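Line by line, the protein sequences give chains A and B. First residue of the first sequence: 1, per the UniProt record's numbering; consecutive thereafter. First residue of the second sequence: 1, per the UniProt record's numbering; consecutive thereafter.
Please keep in mind that the hints were generated in silico from the structure rather than gathered at the bench. Be aware that one or more of the hints could be misleading.
Pairwise CB distance ranges (calculated) [what the hints assert, rightly or not]:
| # | chain 1 | residue 1 | chain 2 | residue 2 | range |
| --- | --- | --- | --- | --- | --- |
| 1 | A | LEU724 | B | ASP152 | 25 to 35 Å |
| 2 | B | ASP333 | A | PRO713 | 26 to 36 Å |
| 3 | A | TRP479 | B | GLU229 | 50 to 60 Å |
| 4 | A | VAL486 | B | ASP176 | 55 to 65 Å |
Covered by chain A, according to a simulated footprint, are these stretches of chain B (three or more residues, beta-carbon under 8 Å) [as the list claims (entries may be wrong)]:
| # | region |
| --- | --- |
| 5 | 129-143 |
| 6 | 159-166 |
These figures come from a predicted structure and were not determined experimentally. The C-beta atom is built at its ideal place from N, Cα and C for all residues, glycine as well.
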Amino acid sequence: MLDALLEAIALILTPAGILAVLAGAAIGLTFGILPGLGASQAMILLLPFTYGADPDYAILLFVAIMSAASFGGALPAILINTPGTPANVCTTFDGHPLAQRGEATRAIFISGVACVIGSIVGATALFALIPVISEIITAFGSRETFWLVVFGIAMISLASKGNTIKGLVAGGIGLLLAFVGRNYVFPGERFTGGIDFLYDGIPMIALLVGVFAVAPMVFIGARDYVVDPSVTAGVVAGSGGSYRAQAKQGTLDVLRRPVRTIRGGVIGVLLGIIPAVGGATASFINYLLAKQTSPDAQNFGSGSPEGLIASESANDAKDGGALMPTLAFGIPGDVNTAVLLGALLMHGVSVGSPLFNHELSLVMIIVLALVVGQIAVVLLGAAAGPLVTRVSTVHTAYLVPTVLTFALIGSYLYRGGVWDLVIVVAAAALAYGLALFNYPAISLVLGFLLGVEAERNFVQTRTMSGGELSGFFEGWIVWVLIGAMVVAFLGSAILGRRRATTAAATPGGDAHDTSGDGSVTPHDAGDNDRPAGASTSQSTSQVRESAPAAETVEQPRTWLGAGFAAFLLTASLAFLWAAQGHEEDMALFPTVVAAVTTVLVLIVLAIEVLPGVRRLAGRLDSAAPEAATGPAGDLTAAALGRHGRVLGWAAVFVTMVIAVGFLALPVLVAGYILGTQPRRWRSALILAALVAGPLITMGVTSPAMFWPGAIPPVVPDLVGGGVLPQFR
Amino acid sequence: MHRGRRSSQVIAVSAGATLLLASCANDPGAGTDGEFPNGTVRIVVGSGPGSTMDHLARGLAPHLQDMWGESVAVENVEGANQSAGYHEVANSDPDGHDLFIGVHGTFGIHEHLGNLEPGLEEFEWFGTLLEEPYAFHADADGPFGSFDDLLDDQPIRYGDSGYESPVNPFALTVFDTLDADYVFTPGYDPGEAQSSVLTGEQDVVGRDAAQMLRTGTADDYEVLLVATEEEHPLAPDAMTFPELEDEYDVELPVLDIFQLGFPIGTTPGTPEETVDILADSVRELIEDDAQFQEWMEDNHMSESMQADRIGREVTQEHVADVLEQYEDFGVTDLEERLGNGAN
């Protein structure tokens, strides 16, 4: 273990290691600052570009990004009252009031030092687990792993935004999508519709890029700025007191409260271990606990350093907790660890016993990266505070085509599959629909990532038990997992009833959404031209203000929601029907999943069209206050038109890239900017040139990685002449 | 109307800009002096980084590059159980600049399932880079100190990736010959199948003899049986096929399909002289290149990478043998046969 630790330290101290940490910190900071984006988007956009790189450095980069983004998100939360990530919602409660008092630098340092201590607590917990992890993993055979997968999907659905039934539907659809292609247990392929390129299944990277990178752009691109410039008009960074004095004060604020800071970290770790508990939940629960136990409770919400510490320490420590189930069992704790799991799989790293037994140095790299990434971002962020307003008010005309460009190139690079680009747009459209109608996309992704594992363990358990159903229910671990699920669902129902009672007693009562799963929803993405971060008091009030208007579109909402549910019903029925065409072994698990999903979608349909059923669901489901059982997004024709425009551009990008190749991208970037901002010729040309330069270099130096387009050759090896693989 | 005109302008300018940008680039095409190689050579493998095939390709590439004075790039074309990479090279220009490293067993099964176009025997194979016998590995700290112990504990629990795994013909033949009861559990990832032995979920896993040495886990496993006629230098304590025949009075021939072999080839239609240059180059590395030999040693390949397995004719014959043996063995009903494990 010591050898592995020293090996990890040596790797991090190499020039490439230092570069990876600094790059990860800078990227995480930037994406964290941008509301609506976060670590998952940064990682997913970079993931394909690291293909073929040394996995140690790639994972170091990703963990540094993951660690850095939440502090990045704290900066706009403090400075402009807009959390960069859902995990920074509580940071606004005391961080922004401090900034308004002219103590922005102090608030940034409180946040930074609390983040570092939180990450140290998280990393220490992960480190402490290593000696016993092999024992724990050994106790999980196929039977236990099967139930752990079911537990993970159930918990994600229960805790995510949207409602539980819709979460389970999304998880079921994700599982079904994972069954497409060559079967990893039985000979033959399933659900490909005869399409050759689906033989290896739906490409994971393309799906993740579509869901986590492109779908948020549909909402972000529907407005002019990532954050409305009016929000930043009163920015107070740098004002009040000397920088050094405030920095010292902020640091001492944290160091003088070691117990509270470390306690916040421990709570973050414990909550992080539970699948689906995001940083937002961790920070919110710790914030409430700190408020209840603090002698300074009356100042919480008006610039209390203690409140800010409570939010940030738990928020960062939960990464260490979330990594435990990810690394030990391949069950991601949240959306960031889901993407990190994808990165580990892409780099050929097997999680579980192989990782802890044979690649312990990589585990140590992850542990250390949590801390060093955090330290690096705090140093960067402390200096970058004044730049926050500039970055977060970037015009979406530049952001959207840039993200699309990265997304498409990255998806292609993963396996050189030009048709994968079609999957990117299809996944983005599906994720857009899910977000619009309040289905948690993270459930779909988790189902997709765990689908093969679920079936594999299902088949193995069934094989080893000689086909006996009772074989699935042997062993105390299985019963603990089943019991935990029952308790969680019953608890959810009880909470739902209490919430309904409270809401009835308090007109206009609202509860903060603390799921913070990082998946895109129109609220997160700041739909309707309002700043992102729906969980802030600011945006919550905007939601309330817009409620009467929403009533006027109740009918279209109902029928559009029902239409989307009908689409999902058709999909699950198609899987159910197609499964019957296979032999029993290959058909069994998909049939079970498709049947359960079909029943759940039917319930959703009933909720969508029958008000009585909707009210009943709202009372039973704590994750689904009545409003959330219906659509979440703005379904006015104007909003749908804005979203459709961005989705249309994404489709044009894909079509043009397939036909003309990567060198269509600079033109498309310029085209998008000019289509949105007709007078910005200069900016369009500069950004196009910035895209074109690296692409031409790539085409010349790495032709194997460059897609020249399917049209007849125009410029050898750069434009035209690419051999388009058979689609069918 | 105004919007339409603006769109037209944008499209026209876009098209012009594309051509302008594209024309700025130089033609990176290969030279045309007619000698081989006269441009970048790429070695395609059908799996991701980290596999044995990928490892072989990345071991060969720098040494071939030094020898030829041309760039040699490794490209991972994953998909369709390695056949995507095969088809990529099979459909390239037949000039020897595109090489492919596969697995004899996997492609033998593909061929019999009709998945390859052009067929396996049309491909210009020119060497088997590495060949090692399959072996049964058990937990070194587990209850099985020998193959006899394993047979005493029937039904034997044996797990692997799936019914199509090239390890299965070896396992199935051994179990059927000894009339042993077994339960085959499919669905493991390769690494998981090995771990399942250490966790006690499975009794044995079939892997090539040097697999655990390369992954640094040899101490964790006990090799019980190896598909060789003679004692294997990497598994000296394991029972061999002749020993097993003597002890249990059965006949168990060592077939080519009980070996994990990695053939290398190039595009069908490539001139014979070019294919011979490729074979000679690889043979030269194995026989004469001290640095490459050191690399082989470091990777436990000195015993299994033999120069006499390099060459067009010897490899084509080997491919034909593998195909014939798979035909005799039968691969289309593996699921049914493995599912009937308990005799």
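So, going through the hints one by one against the coordinates:
Checked against the hint of 25 to 35 Å, the pair LEU724/A and ASP152/B fails, with Cβ atoms roughly 58 Å apart. Taking 26 to 36 Å as the suggested C-beta distance range, the pair ASP333/B and PRO713/A does not conform, at roughly 48 Å. For the pair TRP479/A and GLU229/B, the beta carbons lie near 51 Å from each other, so the given range of 50 to 60 Å is met. Roughly 46 Å separates the CB atoms of VAL486/A and ASP176/B, a value that falls outside the hinted 55 to 65 Å.
Only residues whose C-beta sits within less than 8 Å of a C-beta in chain A count toward coverage, and the region 129-143 of chain B has 0 of them, not enough to reach three; the restraint is violated. Closer than 8 Å: that is the beta-carbon criterion, and the region 159-166 of chain B has 5 residues meeting it against chain A, so the requirement of 3 holds.
Checked against the numbered hints given earlier, the structure breaks hints 1, 2, 4 and 5 and satisfies all the rest.
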